[in-house]
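Asker: Read top to bottom, the protein sequences are chains A and B.
Each residue of the first sequence is one higher than the one before, starting from 1 at the first, in the numbering used here.
Each residue of the second sequence is one higher than the one before, starting from 1 at the first, in the numbering used here.
No lab work stands behind these hints: they were computed from the structure.
Honestly, I wouldn't trust all of these hints.
Claimed, not checked - DSSO-like mimics (lysine-lysine), calculated; alpha carbons at most 30 angstroms apart, straight line: (1) B:685 <-> A:27; (2) B:600 <-> B:569; (3) B:149 <-> A:27; (4) B:153 <-> B:408; (5) B:369 <-> B:5; (6) B:408 <-> B:226; (7) B:653 <-> B:675; (8) A:27 <-> B:369.
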Amino acid sequence: MSVLFILIGVSILVAGSFLAAFLWSVKNGQYDDDYTPSVRILFDDEHPKEEILTQTK
Amino acid sequence: MQVEKFYYDNKTVRNFAYATIIWGAVGMLAGLWVALQLVFPSLNITQYGSFGRLRPLHTNAVIFAFVGNGIFMGVYYSLQRLCKARMFSDKLSAIHFWGWQLIIVAAAITLPLGLSQGAEYAELIWPIDLAITIIWVVFGWNMFGTIIKRREKHLYVAIWFYIATFVTVAVLHIVRSGELPYSWLQSYSWYAGVQDALVQWWYGHNAVAFFLTTPYLGLMYYFMPKAANRPIYSYRLSIIHFWALIFLYIWAGPHHLLYTALPNWAQSLGVVFSLMLIFPSWGGMINGLLTLRGAWDKVRDDVILKFFVVAVTCYGMATFEGPMLSLKSVSAISHYTDWIVAHVHVGALGWNGMLTFGVLYWLIPRIFKTNLFSKKLANQHFWLGTLGILFYAIPMYWAGFMQSSMWKQFTESGQLKYSFLETSINMKPFYAMRSLGGLIYLAGVLLMIYNIYKTVKAGKLVANEEAEAAPLEKVYVKHTGEHWHRWIERRPVQLMIGSLVVILIGGVIELVPTFLVKSNVPTIASVQPYTPLELQGRDIYVREGCYACHSQMIRPFRSETERYGEYSKAGEFVYDHPFQWGSKRTGPDLAREGTGNLKKSDGWHFRHFREPASMSTGSIMPSYAFMIEQNLDTSSTVAKIKAMQTLGVPYAKGYEYQANSDLVQQAKTIQTNLKTEGIELPPNKEIIALIAYIQRLGKDISKPQNK
Numbered sequence: 001m002s003v004l005f006i007l008i009g010v011s012i013l014v015a016g017s018f019l020a021a022f023l024w025s026v027k028n029g030q031y032d033d034d035y036t037p038s039v040r041i042l043f044d045d046e047h048p049k050e051e052i053l054t055q056t057k
Numbered sequence: 001m002q003v004e005k006f007y008y009d010n011k012t013v014r015n016f017a018y019a020t021i022i023w024g025a026v027g028m029l030a031g032l033w034v035a036l037q038l039v040f041p042s043l044n045i046t047q048y049g050s051f052g053r054l055r056p057l058h059t060n061a062v063i064f065a066f067v068g069n070g071i072f073m074g075v076y077y078s079l080q081r082l083c084k085a086r087m088f089s090d091k092l093s094a095i096h097f098w099g100w101q102l103i104i105v106a107a108a109i110t111l112p113l114g115l116s117q118g119a120e121y122a123e124l125i126w127p128i129d130l131a132i133t134i135i136w137v138v139f140g141w142n143m144f145g146t147i148i149k150r151r152e153k154h155l156y157v158a159i160w161f162y163i164a165t166f167v168t169v170a171v172l173h174i175v176r177s178g179e180l181p182y183s184w185l186q187s188y189s190w191y192a193g194v195q196d197a198l199v200q201w202w203y204g205h206n207a208v209a210f211f212l213t214t215p216y217l218g219l220m221y222y223f224m225p226k227a228a229n230r231p232i233y234s235y236r237l238s239i240i241h242f243w244a245l246i247f248l249y250i251w252a253g254p255h256h257l258l259y260t261a262l263p264n265w266a267q268s269l270g271v272v273f274s275l276m277l278i279f280p281s282w283g284g285m286i287n288g289l290l291t292l293r294g295a296w297d298k299v300r301d302d303v304i305l306k307f308f309v310v311a312v313t314c315y316g317m318a319t320f321e322g323p324m325l326s327l328k329s330v331s332a333i334s335h336y337t338d339w340i341v342a343h344v345h346v347g348a349l350g351w352n353g354m355l356t357f358g359v360l361y362w363l364i365p366r367i368f369k370t371n372l373f374s375k376k377l378a379n380q381h382f383w384l385g386t387l388g389i390l391f392y393a394i395p396m397y398w399a400g401f402m403q404s405s406m407w408k409q410f411t412e413s414g415q416l417k418y419s420f421l422e423t424s425i426n427m428k429p430f431y432a433m434r435s436l437g438g439l440i441y442l443a444g445v446l447l448m449i450y451n452i453y454k455t456v457k458a459g460k461l462v463a464n465e466e467a468e469a470a471p472l473e474k475v476y477v478k479h480t481g482e483h484w485h486r487w488i489e490r491r492p493v494q495l496m497i498g499s500l501v502v503i504l505i506g507g508v509i510e511l512v513p514t515f516l517v518k519s520n521v522p523t524i525a526s527v528q529p530y531t532p533l534e535l536q537g538r539d540i541y542v543r544e545g546c547y548a549c550h551s552q553m554i555r556p557f558r559s560e561t562e563r564y565g566e567y568s569k570a571g572e573f574v575y576d577h578p579f580q581w582g583s584k585r586t587g588p589d590l591a592r593e594g595t596g597n598l599k600k601s602d603g604w605h606f607r608h609f610r611e612p613a614s615m616s617t618g619s620i621m622p623s624y625a626f627m628i629e630q631n632l633d634t635s636s637t638v639a640k641i642k643a644m645q646t647l648g649v650p651y652a653k654g655y656e657y658q659a660n661s662d663l664v665q666q667a668k669t670i671q672t673n674l675k676t677e678g679i680e681l682p683p684n685k686e687i688i689a690l691i692a693y694i695q696r697l698g699k700d701i702s703k704p705q706n707k
């Protein structure tokens, strides 16, 4: 059953890279603000001019 | 700061959207067809259209073609907007799109031809595996390129889901694709028996997790707030549940192998992690549904939100059921039955399907700058979809419970109450109702195709959508002329981790083959390698996808040992490249088919393969009469034996050159046996090899032990 060790090794490797990504994201200040990002995505893609256009339609 | 002007690439998004729709319809049609084959076996038209070959076509099409293109459509649309940047490279986008479609076409050609590796959801042959690896790297390159040149510092939670998807699927695919080619098209799995089974379900479960779940959660976190025009209920919850989900998911695979020959501790590990998974899974579902709190009136009017609500609800149901099914006592009842088929379809039709439809209805009018052609039709699609799911799932749950209890029922005198055939005939009405559910669901999809066709006609694609954003501030100022490597040198911990990773990769590549070959030393002395004829027969078994309906793994329950014989042991499978345990018993288990009271004559098998219903009245197995005509290709024997030797199967040195004469000899014995039963047949036909393999099953362990 040595494949178990390989799979566990690979899984730990993947989990380890996730952990590194998590630590990076915390240190990088990704989660300093846990509210505005959720609102910001709602306002990002429509061009201002067109927004007025669609509203007047 | 100067605001930059740039353009979003909508053309690639459109292409992926079209591909999603087309392959979705094809994959679901294939599903409907195989469902009908279980009701009307005569629909198994020619060898290219038999159930065992079309079922992988259905699963691969809906997973990798429908959901796969759906993922790319959603990622290409949302990633650009979340990063405030065009996709990294138009060329990579084009290679990604066309490469993926070519892979799908290659799959659609090779699977009906019987070119298969015999592992569920990983059937595709090694050249296609290689192509998938390349195109996946192209996808990752394009995605990370976009993330790096983003104009928005914060990575929205959806992007994290996409990143986890990319990384994990890459690793899974590489590990599962450990295979040794013996010809330009075909190969044997590197792993054998129990090891292959563990790799398979580690892969299989994570494919569900990181192909059908995490990318779609990412899509949910982008498109649901967009469609509802309100922020996600709790952004903090989304972050917590994301990290929890990806840490837990990679350990859950062994729950597919409960009560099998897998070591017990590995089974328990899988159970524990599967149970814990309910928390992050429901975190996602609750977050999705609560986004609509106080806005349920919108759901009444907005058909897109309806699709999302059903999708997220189905996600919640499937992820509650999943941990429950992972409990050993529940698995004892549910494994091998149609219950599991119901479970996966709640996930596939409900979660993946309905979410994809919602995204399509939202996105197509936007990139074509027009309104949806008909909200009424979309509403009808919604109801057809929802009803289709119910009509599909309810009969299958019912069938599953019934099947399982019939298998396990004993009479008062302690005999099995029902023969397998009786249980199988009882399933037919449920299979018919399930097909109806599938038909209703597909009808909804056809409505959507018409609706989207009309929408597209009315609008015009905005191939390059204008957008503006300020570039990111550069935070770190490097010394001019500094060597790039200085960065890592200032960070000893990262350097150590980085080098460890590199070493591990090297070590794994070097050690895996030797490791695996060595551990395949048989623990049961009587277990011998397959004879050349049996090996060829086994490859036919794999080619025909017999594992789709027949298991070869008897669990240690009285109801199974009474029916099939001694329960299966790990040591019996050491020469099985690939393993063929299966996961579903539409037909009976075959692990001891060649022995004990299951043993039948060669002539019985011949007649049964030619016309199954003639031997078992009411059987829904397809006819394999074409094998009586088709000659066995013995030119591959040398290469096959050689490959097996490399994999550690102890054929004597130089045996590959003697193999074919042994093969002919064994075939002639079977020919003589058939003659005594009144069947005249030349010895070089495929059916003889398959009979040889079937008669071998379970035989080794019933031989007198010389220990």
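Asker: In ascending order, which of the hints set out earlier in this document are inconsistent with the structure?
Answerer: 1, 4, 6, 7, 8
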